[in-house]
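Residue numbers (our numbering), protein chains in the order written: chain A, 1 to 308; chain B, 1001 to 1619.
Treat the hints with caution; some may be incorrect.
What the hints assert, rightly or not - Straight-line Cα separation of at most 27 Å, DSS-like style, residue types lysine-lysine; simulated pairs:
#, chain 1, residue 1, chain 2, residue 2
1, A, 6, B, 1385
2, B, 1422, A, 97
3, B, 1059, B, 1105
4, B, 1092, B, 1105
5, A, 6, A, 45
6, A, 132, B, 1422
7, B, 1478, A, 97
8, A, 6, B, 1147
9, A, 56, B, 1320
10, B, 1616, A, 45
11, B, 1351, A, 77
12, A, 88, B, 1207
13, B, 1046, B, 1088
14, A, 77, A, 132
15, A, 56, A, 6
16, B, 1478, A, 132
17, B, 1478, A, 99
18, B, 1539, A, 6
19, B, 1478, B, 1385
20, A, 97, B, 1385
21, A, 99, B, 1351
22, B, 1070, B, 1207
23, B, 1064, A, 97
24, A, 97, B, 1338
Source of the hints: derived by calculation from the structure; they are not laboratory data.
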Amino acid sequence: MRIFQKTNFNFIKHRKIAYAISTILLVAGMVSLFVRGLNYGIDFKGGSEVVIRFEKPVDVGAVRAIMEQAGVNGSVKQYGMDRAFLLKTDFQGDTSKLKALISNSLASRLPGNPSQILSIQAVGPSIASDMKMSALKALAAALVGILLYVSVRFEFKFATAGVAAIFHDVLTVLGLFSLLGGLFDFMPLEVDQSIIAAFLTIAGYSITDTVVVYDRIRERLRGQKPSDYERIFNESMNQTLSRTIITSGTTMLSVIVLFIFAGPAIRSFAFAMFAGILVGTYSSIFVAAPIVFDWQTRSKSPIKFRGA
Amino acid sequence: MKNNRFKLILIAVVALVSVWSIWPTYRDYALTQKLKSFHSAEDSLKFAIDNREAIEQAKDKSLKLGLDLKGGMHLVMEVDILDLVEQKAWNKDATFTRIMADVKKESAEQFNANVVDLVAAGFKKENIRLSRYFYDMRDSDQEIVNKLNGEAKDALTRAREIIRNRIDQYGVAEPVIQTQGSQRLVIELSGVTDEARVRRLLMGTAKLEFKLVKDSETLLRAVQRIGSTPLVAPAANAVATAPVDSSVTTAPVAAAPVPAAPAPQAAAAGVKKLSDVIGMMPNGQVFTPEYARDQVTAVLNRPDVQALLPQDTQLLLAAKPEMTANGEKYFPIYLVQKTPELTGGVITEAKATFSAQDNQPEVSMSMNDEGTSKWARITGANIGKQIAIVLDSAVYSAPVVQSRIPSGNSVINGIGDLNEAKDLEIILKAGALPAPVRILEERTVGPSLGADYIRAGMYSLIWGFTAVAIFMILYYNKAGIAADLALVLNILVVISVLAGFSAALTLPGIAGIVLTMGMAVDANVLIYERIREELGEGKSLRMAIDAGYSRAFSSILDSHVTTLAAAFLLYVYGVGPIQGFAVTLMIGTAASLFTAIVVTRSLFDLLVGSKFMNEKSFG
């Protein structure tokens, strides 16, 4: 089977449209980041989360009312699975009191519908601030590490454009989380540790497609006249289009399976990965290579290829 | 050809080692299923005894499941170093208390600051040398900071050992207890059913003290002096008129132990003063009703209230209430000497039993030589007086000393139930924590949610593999089969490395494996696309394969290195289950370099030229 067998898209000609789309995506994301901010999970915000599951279906409003009357101030939401609810409240050092309060009030108010506390997570503010710092350090270190690696492996212009594409991908997904955070019941889209894991994986994986396109461009660019660059860039991108999309496609298959089957705890992660891979594939074709092209045509100095 | 033989042997070895490493996991599963299949308890017990060794061996070497899949508690606790510093200080005065209060506020805001440094800075700001309160007068500030830091480090290690002791005695399989940073402990306990009890075991400082009880006249005078203290914060002291008699000692006291304070309903209306909730009995006992207990305890802990008491004394509440004839509960209050006669450090043995007289749970203790001789001297000198047995600032009992006790035995009674007595036994034997501990983070997953997670993880693995494998065959024909075989080996390697290094599999870890499956075949996609391209240019199959592998390699390496770097950093900076994701992603990505490249290449080398392979094999 073959998809994208012999394509002949003029990517370079339409690159301005892609730049505009990327700019809109990034600006929208940034504005949302400043206006709405990020929806942090308890890992980074601190607090307590309790997952309660009932034996029979029950209305979320009823559970909310019972919790309010019991003096548990916080939010109650549907949690992924049927008949399960997620209660969020302030951090408590001693969760046994909270647990007793919840199970007692539920047992007395909903006697015909036994419930079970499935999990409790409580994160204190000091731990939350620590985890936030660690996450920032990991992200920063990953970006610096990848920048170093790419700049060792590729010529300066390629490396810079590649890293710009990574930032583009991570920031777009971050903006998406800010825009969509808290809109869906089936996935909270809160920024927690698993989302940081997704960002790091996106940062590491996003370069994959870029490298494939780059390798082809470099291979074909050697000894060519600058006037032929546009044609060579376009041909290289068309030649690698199939593999760029298939590699992303197989990973996408995995991510979709995770989104469907791995449960609510993984769903936000899978969504982040999905968006990240999509944007990453797009950016390697429409951002990374065109930036190199624009930069190269504007600069006087020819590309100094490494090696023979 | 020789080179290829070496590769084939290598692949066989990797496959065998993987299977060997996973075998105990399968055995463990099979044995557990078999145990479940028996209809009667006797049969399964007999089977368990007959195959005990095999079962234990399999369990020991099988793949460990993380807390989120198995159910259990993950806790991060902090040892209160500030409390420790306060313990080390001597001749504490008002200035000291004030500075320490400031430092406490500061340390609550700066999470990662070293507490000892904060203390040092606090005293420096006021131009007070640390040696005024700590250690030797001649020590410089730096020396004292060093000493205090040493104490803090020591306290953390001791806290870890003591908590390990307690957990071992309680009985949790494979507990993980580690120190983290300068004042934290990370504790992981799997399969805990009674969280409340575990929390009590972990947090219980079990500070046991024997304190002299002051006579009832001193007690009455002390209560009188603090009686006018408002129950709530001073600012809220708006109502001056009390609903009932304002002074306990001047009012005629009821003969029966009926609380002199108003009923709980009235309390809500406006109890303002301490004396309103403290009553007295003709025998000189002072008490507070149950509903006012927390308020009274809070007031008695206030420094301004404590300052009104006689030198070196404190008021303590009983641990358990006493019951009146009509069922009302009230807590006796004792005035005791603040400096203990003896502390729990001398306890060598503790045993939870039932008392001979009233069949109530109690804990009997024996002391070491030093404690025994001290205890004999103390009891000998205080015959006819009361000595309070105080545990974590609550009076458990205050027996009157009948005679000198030379044996070094003592008893704690007034304990709620046998479980509590047993926990107390464990805590006393393990020793008291050097400083109080606080829970900073807790993650508890119940076993039923863990089972859900396992099911979700299994579905993801099966469907992830199916989707990727079918796609590869559809798209790349026979070469897709080779990639799928490599993928199977890749998954085997990931699981076997996890099992071999006793790393636990978590739900994010499973997500990592599923994601790896999608990424591992990327290498094959790149190679196969290149081979198709070379074939399209008219090269022979063998040449196309050669060119495909060698030209695609650099792209594959680049993408693997960046993914590995990201996963590694995630492992270094991540916590708990996320590390599980990082680990599987790292192993999977590294292994796919071998499986996706070497394994498929060897298969092609083996089959090229045979009837199984031709130009159409790459789809």
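Hints versus structure:
no.	hint	result
1	A:6 to B:1385	101 Å, violated
2	B:1422 to A:97	22 Å, holds
3	B:1059 to B:1105	49 Å, violated
4	B:1092 to B:1105	19 Å, holds
5	A:6 to A:45	51 Å, violated
6	A:132 to B:1422	40 Å, violated
7	B:1478 to A:97	61 Å, violated
8	A:6 to B:1147	75 Å, violated
9	A:56 to B:1320	40 Å, violated
10	B:1616 to A:45	56 Å, violated
11	B:1351 to A:77	48 Å, violated
12	A:88 to B:1207	35 Å, violated
13	B:1046 to B:1088	58 Å, violated
14	A:77 to A:132	25 Å, holds
15	A:56 to A:6	56 Å, violated
16	B:1478 to A:132	48 Å, violated
17	B:1478 to A:99	56 Å, violated
18	B:1539 to A:6	19 Å, holds
19	B:1478 to B:1385	94 Å, violated
20	A:97 to B:1385	39 Å, violated
21	A:99 to B:1351	31 Å, violated
22	B:1070 to B:1207	34 Å, violated
23	B:1064 to A:97	31 Å, violated
24	A:97 to B:1338	31 Å, violated
Against the hints set out earlier in the document, violations occur for numbers 1, 3, 5, 6, 7, 8, 9, 10, 11, 12, 13, 15, 16, 17, 19, 20, 21, 22, 23, 24.
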